[in-house]
Amino acid sequence: MKTRNTLKLAFASLAFAALFAACSQTSPKTPMDKAKDELSELENKIDSVTEDDPKLMAELEQRLDRLDESIDEIGNDLEEAGENVGEETKEAWENMKDESRELREKLDDWSDKAGDKLEDMGHDIKEGAQDVKESLKDSL
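Numbered according to mature numbering (1 follows the signal peptide of the UniProt record, and there is no 0), the sequence shown spans residues -17 to -1, 1 to 123.
Derived from the structure by calculation, the hints contain no laboratory data.
Keep in mind that this is a model prediction, so the values were computed, not measured.
We treat Cβ as the ideally placed atom computed from N, Cα and C, and that holds for glycine.
Take the hints with a grain of salt, since some may be wrong.
[Claimed, not checked] Distance ranges between label pairs, derived from CB positions:
#, residue 1, residue 2, range
1, Asp20, Gln113, 29 to 35 Å
2, Glu77, Gly111, 49 to 55 Å
3, Ser23, Glu117, 50 to 56 Å
4, Asp91, Glu71, 16 to 22 Å
5, Ala75, Lys109, 49 to 55 Å
6, Lys38, Asp81, 36 to 42 Å
7, Ile108, Leu39, 53 to 59 Å
[What the hints assert, rightly or not] Pairs of lysine-lysine residues, derived as PhoX-like cross-links and limited to a Cα-Cα distance of at most 20 Å, are as follows:
#, residue 1, residue 2
8, Lys38, Lys73
9, Lys73, Lys19
10, Lys80, Lys19
11, Lys38, Lys80
12, Lys109, Lys38
13, Lys19, Lys100
Between the sequences and the hints, there should be enough to build the whole structure, so can you do that?
Shown next as structure tokens:
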């Protein structure tokens, strides 16, 4: 009888331990969650970009490309799921595509501004060099 109660208690403890372990495990992030996190991080970085940091532009462009790949992957998963996908999920995916497009436009605008600034500096340098040449000729 004592052995029987001990076995019952051991099995009950094992069952509770298994249940506790199963409930305490966190589920891995879905591709949608990963893409949302990446999108949020990119938005923050692009908002803090200045025209004076050309290295950052290349990094942001690479990250935006990776984000677009993730969004495409999610789109493929949604297509495979077909009608089983809820409208909320489809809407979230469309919103991410729109936000990615907006981020790419911001990045392009920033790139254009930086390019214009460099072009203006190039013109200023040429004008300054021309002025130096003329002043040297005049002094000789």
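query: Straight-line Cα separation of Lys80 and Lys19 no greater than 20 Å?
result: Since the Cα atoms of Lys80 and Lys19 sit roughly 11 Å apart, the hinted pair holds (cutoff 20 Å).
- prompt: Would you say the C-beta atoms of Ile108 and Leu39 sit inside 53 to 59 Å of each other?
  reply: About 24 Å separates the Cβ atoms of Ile108 and Leu39, which means 53 to 59 Å is violated.
field: Cβ distance range 49 to 55 Å for Glu77 and Gly111, holds or violated
entry: Since Glu77 and Gly111 have Cβ atoms about 51 Å apart, the given range 49 to 55 Å holds.
message: Holds or violated: Lys38 and Lys80, Cα atoms, limit 20 Å.
response: Since the Cα atoms of Lys38 and Lys80 sit roughly 25 Å apart, the hinted pair is violated (cutoff 20 Å).
- prompt: Does the hinted range 49 to 55 Å hold for Ala75 and Lys109 at CB?
  reply: Given range 49 to 55 Å: holds, Cβ gap about 51 Å.
- request: Go ahead and decide if the range 16 to 22 Å is satisfied by the Cβ distance of Asp91 to Glu71.
  value: Between Asp91 and Glu71, where Cβ atoms are some 31 Å apart, the hint is violated.
- prompt: Would the pair Lys19 and Lys100 pass a check requiring their Cα atoms to be no farther apart than 20 Å?
  reply: violated, 33 Å
task: Take the C-alpha atoms of Lys38 and Lys73, compute the straight-line distance between them, and say whether it is at most 20 Å.
output: Roughly 35 Å between the alpha carbons, so the hint for Lys38 and Lys73 is violated.
query: Taking only the CA atoms, is the gap from Lys109 to Lys38 under or equal to 20 Å?
result: At roughly 25 Å apart (the allowed maximum being 20 Å), Lys38 and Lys109 break the hint.
field: Range hint compliance [Cβ, Ser23 to Glu117, 50 to 56 Å]
entry: holds, 55 Å
query: Using the C-beta atoms of Asp20 and Gln113, is the stated range 29 to 35 Å upheld?
result: violated, 52 Å
message: Just to be sure I understand the hint, the distance between the Cβ atoms of Lys38 and Asp81 should be within 36 to 42 Å; is that true here?
response: Violated, since Lys38 and Asp81 (Cβ atoms, about 28 Å apart) do not stay within the stated range.
The earlier numbered hints that this structure contradicts are 1, 4, 6, 7, 8, 11, 12, 13.
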